[in-house]
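Chains as they are written, first to last, in the working numbering: chain W, 50 to 460; chain B, 20 to 389.
The set of hints was computed from the structure by calculation and includes no laboratory data.
We put the beta carbon where it would ideally sit given N, CA and C, even for glycine.
Below, simulated DSS-like cross-link-like pairs (lysine-lysine); rule was C-alpha separation at most 27 Å, straight line:
1. 329/B with 377/W
2. 180/W with 377/W
3. 52/B with 180/W
4. 267/W with 280/W
5. 40/B with 188/B
6. 261/B with 40/B
7. 52/B with 377/W
8. 180/W with 267/W
9. 225/W with 339/W
For each label pair, taking beta carbons as the anchor points, the in silico distance ranges come out as:
10. 323/B with 179/W: 41 to 51 Å
11. 376/W with 99/B: 45 to 55 Å
12. 115/W with 100/B: 34 to 44 Å
13. 122/W with 377/B: 43 to 53 Å
14. 373/B with 444/W: 29 to 39 Å
15. 376/W with 289/B: 10 to 20 Å
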Amino acid sequence: MFYFAAANLMLAERTAARNRADLEPARQDRQGKKKRMGRVQVTLIINNDHVAEVLTMEDTMAALEGTYTDLGTHHAVCRPRIDLQIPTSDENKTYQWGTMEGGSTRGYFAIRMKSDVLTQEMRGDVPTEEKYCVRPGLWCGLILLTSIETGEPLAFLNDGMLQHMRVGADGGIGTKYMARKDAEVIGMLGSGGMSRSHMESITCVRDIKKLQVWSPTKANREAFGEEVRTKYGIEVVVCDNPEEVYRGADILAALTDATEPVTDGAYLEPGTHIIVIGSSGAPDDASIAKIDLSLRFGNAPQPWGLETFGKAKSRLTYAAMTEEIAAKRMSPDAKRGGRGAVREDRIVWLADIIEGRSAGRTSDDQITYSERGNLQGVQFHAVAGRAYELARDAGLGHEIPTSWLLQDIRD
Amino acid sequence: MTLFIDNEVVAQVLTMEDTIKALEESYRSLAAKESVCRPRVDIQIPTSDPNKIYQWGTMEGGATSRYFGIRMKSDVIYERQYNGAITQEKYCMEPGLFCGLILITSVDNGEPLAFINDGVLQHMRVAADGGIGVKYMSREDSEVVGMLGSGGMSRTHMDAFMCVRDIKKLQVYSPTPANREKFAAEMRAKHGIEVVVCDDPRDIYRGADIVAALTDSAVGVLNGEWLEEGTHVVSIGGGSGKADAATLERTDVYFRFGNAPGPWGQPEMALEDEYITYAAEPEDYSGFRMKRHGRRGHGAALPQRMITFKDIFEGTNRGRTSASQVTYSERGNLQGAQFWSVGGLVYEKAKAAGLGHEVPTEWFLQDIRD
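Pulled out of the complex, with its shape left as it was, chain W reads as follows (with noise of 0.2 Å):
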């Protein structure tokens, strides 16, 4: 199993390069594009730095909770993400498109676009999937920000940042509303970007007072508690092996990229709240069984005239396959086509608890999970929005001249 990999730059570091000296040519080459364009309207290209830089986890569960409600409210519209997939010339290798869209009556419109190569590798003996864009180490994902009132492309967003921040804030949201008021220690299985990410967002909204920590590579579930003991204050237990970070953990979080589950329903403790992320996207059956709550924040709404179309399935992936090539190119994450694993009858909605409709946990003994549903395009143009308006105004990002984007000619 492939724990989000230490080599991705630390949401910390990241952090802390908002005082970095190498932001300031983008700023005062911004500063001073302005005046030689003069009033010339411009589309910005914000990266990761620029993200890390403007965007709290503050913000962004905020933006998330707001477009979630507004989704129930139907002021805001998504589709369910769509793939193709496509065969390179190399056939260890396999080409993959992937969008998100969504946006409401408040402003915005987003497309997410991630264009990468997949390929299967064998880690141990557990097939993970790799993925780059052009090189090993470089990926490629895109938001393009528009305004419903003009239709005006406003920006382009490297995605990876907003990522991490948006699945974090994703945990917290569920903690917030499912987990017991008094919840204080964590248990988490990986150390990577998606643990220092969800390590913001659950502090934002429990007071956590401990963590336990374990990962597959020691070093690096080490350099991960020192970090968290530093930044919060906290204590940090590193545990040697996964079934420590059960025993009295309040929040289990499971946040790997490992193809099949990494929790182990046999250690839960009543009472906990699970949050589970990565490849697999889902908890082992055991922990399933147990669960007696489930929080969904919402589902993708339908299309005109079409009400079955999509429903229950995450995404659709279209193949440039026949079905022989297909069966051993696709990858696992497209065959698997939805989540969804917990029985209907034990979930709440979101919408419900907000409104009042629903009480959510109603009992310390419970076991409580939480899982977005397949929103994921009504993320994008609500946290991409807060980053492009807190990014202008700081004057950070690339400009391009906007009528390059723009025509005269009418389709």
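Could you slot chain B onto chain W? The hints should help.
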């Protein structure tokens, strides 16, 4: 470097012949499952002006070892009464400007290669489809074109028809006399053919081997009762691109290039629809008679008399079997198959010619994995 390629560059490098060739190859690869596309998906969101709606739309496709392309449209749409007819208008930022962008990536390494304005390419690809329909379905000795409409689509369709048939004569009608006269003069000069300007739409059908209805009218303009034996019909725009009942009634062979495949493992979700739409506040706008609002796009018009490229490439049905048959062609919901192929070609040619604005590709890449 990632290129930003504008319409002028596209017009400079892309020929109709190349467009037709690229599209035929794309449809062949789609039938062979070497490429893929999905139906168009739109998002509609009300603006703060109750008479205007934001519309975002995308089409996607790509081919093994070649290119992937997404076409994205970002516009504000509204309705306007014009000469008693309701037309759909749109703009991006200000009237007269539109946002239609194609992003081309490399299937082999994922690299974002180019953003291309879609205006010229859009007209070329639609006309090329008309030409492909004519190539496979019209009589080989077709030489007279009857045309309704004298705008941009009429110009590109003439280019396309000239590529595939030895056209000798054009009969054209459009509502504004000055426009049809100007168009006729232009076609005479450009193609060196006889052009008859008609004062009555009825006249364009007489003796026509190919009838092309090329308008953006909100209502249909074709009249199947006037079609003569052996005519091939192409229709875009008017009445959401669907022919009138009389034309469909008289059509012997209906050539639909194909249907977008269904998603993997969910064949029940294969759609014939031209597009699907997700809308915010759908309830509040159900009475808003937007051309594309609250309705599904049409699918296969005549399934019983339909043949597709798969039939042609596999040799099971080649379409027209007699000179007296009325034939009809339309693309089907394969728009997504068009942009990787034509856009990829534009990218190659623009790059080779050193054209287009350059932006560092690193701006679109990152060192954070999701």
